[in-house]
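Participant: These are the residues of each chain, in order.
2 protein chains.
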Amino acid sequence: MNTIFVKDIKDYLGQEIHLRGWVRNVRKSGKLMFIIFRDGTGTIQTVVYKPGIGEEKFELSKTLTIESSVEIWGTPKEHPNKPGVYELDVTDLKPVCISPEYPISKKEHGPDFLLSNRHLWIRAPKQWANLKVRHTVYHSISEYLNNNSFTRFDSPILTPNPCEGSTTLFEVEYFDQGSAYLSQSGQLYLEPAIMTLGRVYDFGPVFRAEKSKTRKHLTEFWMMDAEAAFVEHQENMQIQEGLIRYVIRTVLEKCSNELEILERDVEQLKKADAPFKVMTHYEAIELLRSKGCEIEHGEDFGANEEALLTEGSDVALFIEKWPKKIKAFYMKQDPENPDLVLGSDLIAPEGFGEIIGGSQREDDYDVLLARMEEEKLDIQTYEWYLDMRKYGSVPHSGFGIGLERLVQWMTGTKHIREVIPFPRMIYRIYP
Amino acid sequence: MNTIFVKDIKDYLGQEIHLRGWVRNVRKSGKLMFIIFRDGTGTIQTVVYKPGIGEEKFELSKTLTIESSVEIWGTPKEHPNKPGVYELDVTDLKPVCISPEYPISKKEHGPDFLLSNRHLWIRAPKQWANLKVRHTVYHSISEYLNNNSFTRFDSPILTPNPCEGSTTLFEVEYFDQGSAYLSQSGQLYLEPAIMTLGRVYDFGPVFRAEKSKTRKHLTEFWMMDAEAAFVEHQENMQIQEGLIRYVIRTVLEKCSNELEILERDVEQLKKADAPFKVMTHYEAIELLRSKGCEIEHGEDFGANEEALLTEGSDVALFIEKWPKKIKAFYMKQDPENPDLVLGSDLIAPEGFGEIIGGSQREDDYDVLLARMEEEKLDIQTYEWYLDMRKYGSVPHSGFGIGLERLVQWMTGTKHIREVIPFPRMIYRIYP
Chain X
58 MNTIFVKDIK DYLGQEIHLR GWVRNVRKSG KLMFIIFRDG TGTIQTVVYK
108 PGIGEEKFEL SKTLTIESSV EIWGTPKEHP NKPGVYELDV TDLKPVCISP
158 EYPISKKEHG PDFLLSNRHL WIRAPKQWAN LKVRHTVYHS ISEYLNNNSF
208 TRFDSPILTP NPCEGSTTLF EVEYFDQGSA YLSQSGQLYL EPAIMTLGRV
258 YDFGPVFRAE KSKTRKHLTE FWMMDAEAAF VEHQENMQIQ EGLIRYVIRT
308 VLEKCSNELE ILERDVEQLK KADAPFKVMT HYEAIELLRS KGCEIEHGED
358 FGANEEALLT EGSDVALFIE KWPKKIKAFY MKQDPENPDL VLGSDLIAPE
408 GFGEIIGGSQ REDDYDVLLA RMEEEKLDIQ TYEWYLDMRK YGSVPHSGFG
458 IGLERLVQWM TGTKHIREVI PFPRMIYRIY P
Chain W
58 MNTIFVKDIK DYLGQEIHLR GWVRNVRKSG KLMFIIFRDG TGTIQTVVYK
108 PGIGEEKFEL SKTLTIESSV EIWGTPKEHP NKPGVYELDV TDLKPVCISP
158 EYPISKKEHG PDFLLSNRHL WIRAPKQWAN LKVRHTVYHS ISEYLNNNSF
208 TRFDSPILTP NPCEGSTTLF EVEYFDQGSA YLSQSGQLYL EPAIMTLGRV
258 YDFGPVFRAE KSKTRKHLTE FWMMDAEAAF VEHQENMQIQ EGLIRYVIRT
308 VLEKCSNELE ILERDVEQLK KADAPFKVMT HYEAIELLRS KGCEIEHGED
358 FGANEEALLT EGSDVALFIE KWPKKIKAFY MKQDPENPDL VLGSDLIAPE
408 GFGEIIGGSQ REDDYDVLLA RMEEEKLDIQ TYEWYLDMRK YGSVPHSGFG
458 IGLERLVQWM TGTKHIREVI PFPRMIYRIY P
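Heads up: the sequence lines are chains X and W, in that order.
Letter 50 of the first sequence, counting from 1, is numbered 107 in our numbering, and no numbers are missing.
Letter 250 of the second sequence, counting from 1, is numbered 307 in our numbering, and no numbers are missing.
One chain only, chain X, in its complex shape (with noise of 0.2 angstroms):
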């Protein structure tokens, strides 16, 4: 007999097979017990036929409860009404762990409780099918850049010197070398990199020491930065495009099961894989104002500038030219503007907000010198990375992505900390 997954049960239909796994639900009907079962490859329903397997079996079956571990034996069929739904009629079973009352229950609980029961909250099916796509998500960034020539190369997590802004560094102490920080991005160390390697990218945990309390913040997040040579900005957007389009493709591919769990407006996302927009800084300001936005050319945009950016939009924009003295030392200035720099954003649609930063890099030896001097930075902790810039400079570009945010506007989920496995928040380290 066959021990097999869920995922696979279509391949065994009118066999008899093992299952192992967990009850989602239990629900009685006189002489019927159907077992919802999981086992985190898929759910089916199970039907224990008392005539069938027996009195014996049959009271065993009644203390199955929620949450509790088993082992069940018997023969799937597809549903005679519903293609593609298997059923499970029930020969044997085995009951391995029964669970007290679960925690968690279907009445509503506050955000805290849950999250102080993460480990628990994760069996929970939305959870569960969160945790699929980031999955899915994760290792179609890894595969797109993977056959464009990239070469996976894993950025230094513990770091003398800080990449963006120092107000919100994690310290630690590092023996009696002084202070070391953890890293904020990988992208300083990925541009040596692309001298050996020609185009790599990291993918890793990056930390920001941040106060802010949204439903877009965490403090510990995964980051993907991708750099490469002889890249220069119209060809970095489109390497973007095509990962995002490439991501937005796969999981519609591979998760058609988690999405309708998550209630995903599928047809939303088949839609935004189609050619994006791009918008100056400028014409999004004029555009922002011609809405009635209170803001002016040269600043920044908020979550609420971004969705109106995008509003009415089925695919992203690319936000591109940015004021210089908004934007990181490291961006390279326009040619036809020395105020602006060749960066770009990349806004998700439906108010998902920013989920690309990229830019060409400044590859001037002498003009980035200057850049850094005019921003006070410590040049001393930087000749490494100004290194690139005298032995055998290139025109490079890169760009980095917060998984997590990319994976909120797959799932469609409003609060960050649903779609990583153990958020870290300002007042949350625990579990």
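FYI, nobody ran anything at the bench for these hints, they're computed from the structure.
Incorrect hints may have been included.
What the hints assert, rightly or not - Chain X stretches covered by chain W per the calculated footprint, using a threshold of three residues with CB under 8 angstroms from any CB of chain W:
no., region
1, 207-214
2, 246-254
Claimed, not checked - Facing chain X, from chain W, some residues (calculated, C-beta under 10 angstroms):
no., residue
3, R77
4, E124
5, Q295
Just so it is clear, the structure is predicted and the values come from calculations on it, not from any experiment.
Heads up, the beta-carbon is just placed ideally off N, CA and C, and yes, glycines get one too.
Chain W: place on chain X using the hints.
Facilitator: For chain W alone, coordinates are given in the frame of chain X:
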């Protein structure tokens, strides 16, 4: 004309192409200039012939120094005597950035100098090859797990409680929540995750504030932890063996060029893709004693003992059934001997030492609680971890692979610092 990567050159023989990259080396011989050109995907010899390219361009080619960046146009052909080796007849070239004298030359440099210049050292052929193999090992591990129904589940890095011992933790002040610690292993977080996803793994950085200065120790390294429901000790070892043999085959298949650059004994690696050996800890001690080691039953092994145990073997060796008192609290007691646990270490051949630690986990609430009390652990901080033994506990097992140790073995690299992009060690946090 096609702008291509060196790795794809065999598809463009006889056609004019455009390459962009760096000068590995130059050699002049009368009317000929030989430029060894690399672009991150591969290396090719290019030939500049004065009468062909003209006086002016020939003079220009003479300005190219080692590590200068350059664009090259030309027509690739197969080397007349070396099948699979290609050469490019240069028809045009354009220097991008002429490099001053490169700090890393062919003469021997001390490790401190090389590590301080890690951002430049990574361009050396062997370092490039190590990083490419690392990429392949990383992805072959993920692939094997994905193909075997494992779902990626990113454990948190910032944790309120340590996993193994508490003497080697990096501490971070976490707002007003007190101290947090950088994760030493995601295992404890993976165990509750199997209850929703069945089989899970994480793959990320972990941290040990160890003061060891051996060639095998890093303070920050990458670890893959896997955990699977309903998998017991024997099957746990089978999954590990399947995974490692898959990695070996993939590296042999995809990295032949890199292994050649590294002068790796490929035949030895091929032999390692055969059934692994298994020995109990008791038998291992007996074997060591027969070889003259002064070691007692119940003791742990050091690097020397590991090397002795695999001496003369082409394949990796599982040491199983360890004394309980030298292993972690979460390992399941051997039902046949309460002094032993159902744990296994996998020792690589050729002296590369331990690459996996794994075990069946204790799934009985009361037994685990008693064991934790025996170890004087703070039960309250582990309540969430104990919960999974309460609500639908199942037999389960898992294991952890140190990525760098495995890459060391695959590449035959002596020092672990050469198989991670920017190594962190007790005296090393820069660059």
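Participant: Now tell me, hint by hint, if it's right for this structure.
Facilitator: Hints, one by one, checked against the model:
| no. | hint | result |
| --- | --- | --- |
| 1 | 207-214 | holds (count 7) |
| 2 | 246-254 | holds (count 7) |
| 3 | R77 | holds, 5 angstroms |
| 4 | E124 | holds, 5 angstroms |
| 5 | Q295 | violated, 14 angstroms |
Of the numbered hints given earlier, the model fails hint 5 alone.
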